[in-house]
Every structure is written in C-alpha cells, then in structure tokens.
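Colleague: Got chain A; can you put chains B and C on it based on the hints?
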Amino acid sequence: MKGMTIIVKNVTALLAGLVFLYGCYIVLHGHLTPGGGFAGGTIIAGSFILLVIANGIQYFRLKKEKEESSMFEGAGILCFLLLATGGLLLSVPVFFRNLLPGGTPGELFSAGVIPLYNIFVGIEVAAALLSIFLAFVIYKTEE
Amino acid sequence: MIPYMLCFVLFLVGLYGVLTRKNILKIIIGLCVMEYSLYLFLAMTGYIEGGAAPIIDPANRAGSVVDPLPQAIVLTAIVIGLATTALLLAIAIRLYKKYKTFDIDKINTLKG
Amino acid sequence: METKLIIILILMIAGAIHSLHARDLLSAIVSYGVVGYSLVVGFLLLKAPDLAIVQIVVETIALIIMVSVLIISTREDLAEKSTVKIKGQSYVNIRNLSFVFFALVTGVMLLYFFNIVTTGLPELGIHETRMATEYIANGVEGTGSINLVTAVVFDYRGYDTLGEATILFTAVMGILAILRLKTHKI
Numbered sequence: 002m003k004g005m006t007i008i009v010k011n012v013t014a015l016l017a018g019l020v021f022l023y024g025c026y027i028v029l030h031g032h033l034t035p036g037g038g039f040a041g042g043t044i045i046a047g048s049f050i051l052l053v054i055a056n057g058i059q060y061f062r063l064k065k066e067k068e069e070s071s072m073f074e075g076a077g078i079l080c081f082l083l084l085a086t087g088g089l090l091l092s093v094p095v096f097f098r099n100l101l102p103g104g105t106p107g108e109l110f111s112a113g114v115i116p117l118y119n120i121f122v123g124i125e126v127a128a129a130l131l132s133i134f135l136a137f138v139i140y141k142t143e144e
Numbered sequence: 038m039i040p041y042m043l044c045f046v047l048f049l050v051g052l053y054g055v056l057t058r059k060n061i062l063k064i065i066i067g068l069c070v071m072e073y074s075l076y077l078f079l080a081m082t083g084y085i086e087g088g089a090a091p092i093i094d095p096a097n098r099a100g101s102v103v104d105p106l107p108q109a110i111v112l113t114a115i116v117i118g119l120a121t122t123a124l125l126l127a128i129a130i131r132l133y134k135k136y137k138t139f140d141i142d143k144i145n146t147l148k149g
Numbered sequence: 046m047e048t049k050l051i052i053i054l055i056l057m058i059a060g061a062i063h064s065l066h067a068r069d070l071l072s073a074i075v076s077y078g079v080v081g082y083s084l085v086v087g088f089l090l091l092k093a094p095d096l097a098i099v100q101i102v103v104e105t106i107a108l109i110i111m112v113s114v115l116i117i118s119t120r121e122d123l124a125e126k127s128t129v130k131i132k133g134q135s136y137v138n139i140r141n142l143s144f145v146f147f148a149l150v151t152g153v154m155l156l157y158f159f160n161i162v163t164t165g166l167p168e169l170g171i172h173e174t175r176m177a178t179e180y181i182a183n184g185v186e187g188t189g190s191i192n193l194v195t196a197v198v199f200d201y202r203g204y205d206t207l208g209e210a211t212i213l214f215t216a217v218m219g220i221l222a223i224l225r226l227k228t229h230k231i
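Chains as they are written, first to last, in the numbering used here: chain A, 2 to 144; chain B, 38 to 149; chain C, 46 to 231.
Simulated from the structure, these hints should not be mistaken for laboratory data.
Cβ atoms here follow ideal geometry from the backbone N, Cα and C, with glycine treated the same way.
Do not rely on the hints blindly, as some may be mistaken.
[As the list claims (entries may be wrong)] To give an idea of the chain C side of the interface with chain B (calculated C-beta under 10 Å), a few residues:
no.	residue
1	MET46
2	GLY60
3	ILE62
4	ASN138
Pulled out of the complex, with its shape left as it was, chain A reads as follows (with noise of 0.2 Å):
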C-alpha cells in the first residue's frame, strides 16, 4: 500500500488536524456539552487512521509506532488508577472520591477531578483503537 493521489494527500494533511483539534475539543468540555472521553477518543484515533490510509504505510514508520500506542494506552489506564487511588489516599478513604474543589456548575474548570478521567480515558481509548487498526496494517503489510 502506498498510499492515493496527491490529492488525497494534500486534502488530508489540510484535514487530520482540524479533527484531531475537534476530539480535543470534545474530550475536554466532556462535562459541558455532549461527548467525553470516549467519544472524544475514538474521534482522535480516527484523525490518525484518516493519515494511514491516505498516505500509506511508511508515514509513521510503523514498528515503532505501535510500540508507543500501546505504551500510551497503559499511560493513560495507570494514571485513571491513580486518580482513583489518590482520593483514597489524601482525602476521606472512599474509592473514586472527587478530591479537587468543585467550582461553579457550567464553567470550563468546574467539576473536581471529572475532567481529569476524561483526558485520561480520551487518551486510553484512542490509543487502544490505534494499536488495533495498526496491528492489522502490519499484519497485511508482513504477509
């Protein structure tokens, strides 16, 4: 696979950016608007894809790659822990607690540590759908 047309090239590099920026923007106002880590994760993990496709399998020089994909996804799974821990540990012994001050209902910093879980389980979520669609190109690529 070496990727399409020069024009599918050039359309895609305008265009991964503006959906990266967009999951970014879903994952952090998780709390205001609809969306959330989740959703947020598999928007990112689709910029990415979007670049695979159109610009062939040499772009990222995939080895490593998926190595980091997957290094980022226990990153982001070990630190949701943490924070869960951490309420344990600092405040009332109570699993999950909310440990940050709320703030007012409705802004941007509000919410104690939700905003938090939704970075780190944006940042999970795309990194596990990256390592799959990447675990497949490189299978077909080895065939």
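Modeller: Same frame as chain A, but now just chains B and C:
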C-alpha cells in the same frame, strides 16, 4: 409495545445469522446485530416522552430529562463491542491464513 | 415519535437480513453499515446525543477494519445450501420437516418468554426513574458536571468505567498477541 417487539425481532435476526451461516464473517456480523438490538433496547427503556437530553442548565431547571443511567451503561458497552469485534476479526484472519477458507465446516474437518 | 422509531427499526431489520444473505462479502459489510448508521438516528430520536457521537465514529472504524480484513482475504461468499436434497426424494423429506418443526417450537418458546419478560415493562415513553431520581435531583450540585451522563460514568459508577478500561486493554493485548507473525522459537 411495538418498538420493543421489533427490537426482539432484530435480535432474532442476528441469532438466525449466527446459527445458520457458514461464513465466519457473517457469523461476526450476526453477533454485532445482536449487540445493536440490545443497545437500542436499553436506550428505549430510559426514554421519557417530552423529556430533554440529560444536560441540565443550572439556572433554568424546568422540565423533565431522560434517564441518564441506561445511556451511561450503553456508552461503555459500545466501545467494548468494537474491541471484541476486532478480536473476533483477528481470530478469523488467522484461521484464513492457516486453512485458506472461511467455511467453518471445512475448518472443522481439517483439524489435526 | 413512535412511528419514526418503527420505521428506523424496520430499516435496520431489512439491512440485517440483506447483510446475512448477500452473495458478495463487500455488499454484506455495506448492508451492515446500514444497520449501524440507522442506530445513530435511533439514538438521536431517543434524546441520547452522547451515544450518537460515539456510535457514528465507532461504526466507521469497524467498517474500515472489516474492509481491511476483506482486502487480505477473499470477497466471494461460500455457496450456502439452505435445504438438504437427498437423491431420489423431493424437498419434503423427514429431515427438512424436522427442521421446520424445531424452528417453530423454538420461535413459540422465545415469544412466550418475551411476553413474560415484557409484561412488567411500561409503554415506550412512560418511565419512572427509580434509581436516577437521585442523580437528576442532586447530580449537578454533587459532582459539578452539568452533563449527567458524564457524571454517572465517572463519578457515581466509576467502578464500571475502570472495568471497561481494563477490558479494552485486555482485548488490545489479545489482538496484538494473535496477529504477531514472528513467533519465538522455543
């Protein structure tokens, strides 16, 4: 009651595909159809006539909202469904590499 | 509202049946896409925008992965024989009749249990929020998040989300282990 009944019919269509098809890819498609009917059923049980989407404006709290609990459960189930579908597809592709066919009858008789 | 949902469901059933009976595997996958994208419209009708956003992206990625599987393997479907033809007999033989009999018995049993289960269920649109009353009344003050689905997923039911993340991690590890080509020689 008719939408619940049609959801059940959709589930039965998926079950029919899983039981009667011989192609592995079509069996996977049948499993996915069963999953989809379940998602729609769970989302239907939480629907309230005239309710808004479950996002509350703190300044203006008038009106009822839809039950957020089934939606939260379905939200996690969708992403897990994609991951398990990809796992099934990976197993199918390894079977194709070994036996050069998707027919489960031939795969069953070629073993050993 | 209910008629719109019925139309969407009939479209989903038609897409599923055509997907299971298509001769070409690529057209089977396209018909499966009809089912998934109709589900998005159903979620929007049921006032669940979070689910609609997730489902439309997940369906796209699932279709891409399925097509990539088809590129590696083959597109042609197997020749399926639905009825068994024994030499010297017509299609009405004892074997096919027993198949029809078992199918009818199973269908009647499933309808009976469906009737038992759904008698306690209220009509569509009438739902008393037993557990969610607390979430709707105190969710905004308790968690600070005005999107109640996010509040339930990450605060009230955080254990579920942790388990979901673990399952996703395990599935990805399984896929990477299955698709690895160069095995270590023991």
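Colleague: Now tell me, hint by hint, if it's right for this structure.
Modeller: Taking the hints in turn, this is what the structure says about them:
| no. | hint | result |
| --- | --- | --- |
| 1 | MET46 | 7 Å, holds |
| 2 | GLY60 | 9 Å, holds |
| 3 | ILE62 | 6 Å, holds |
| 4 | ASN138 | 19 Å, violated |
Checked against the numbered hints above, the structure violates only hint 4.
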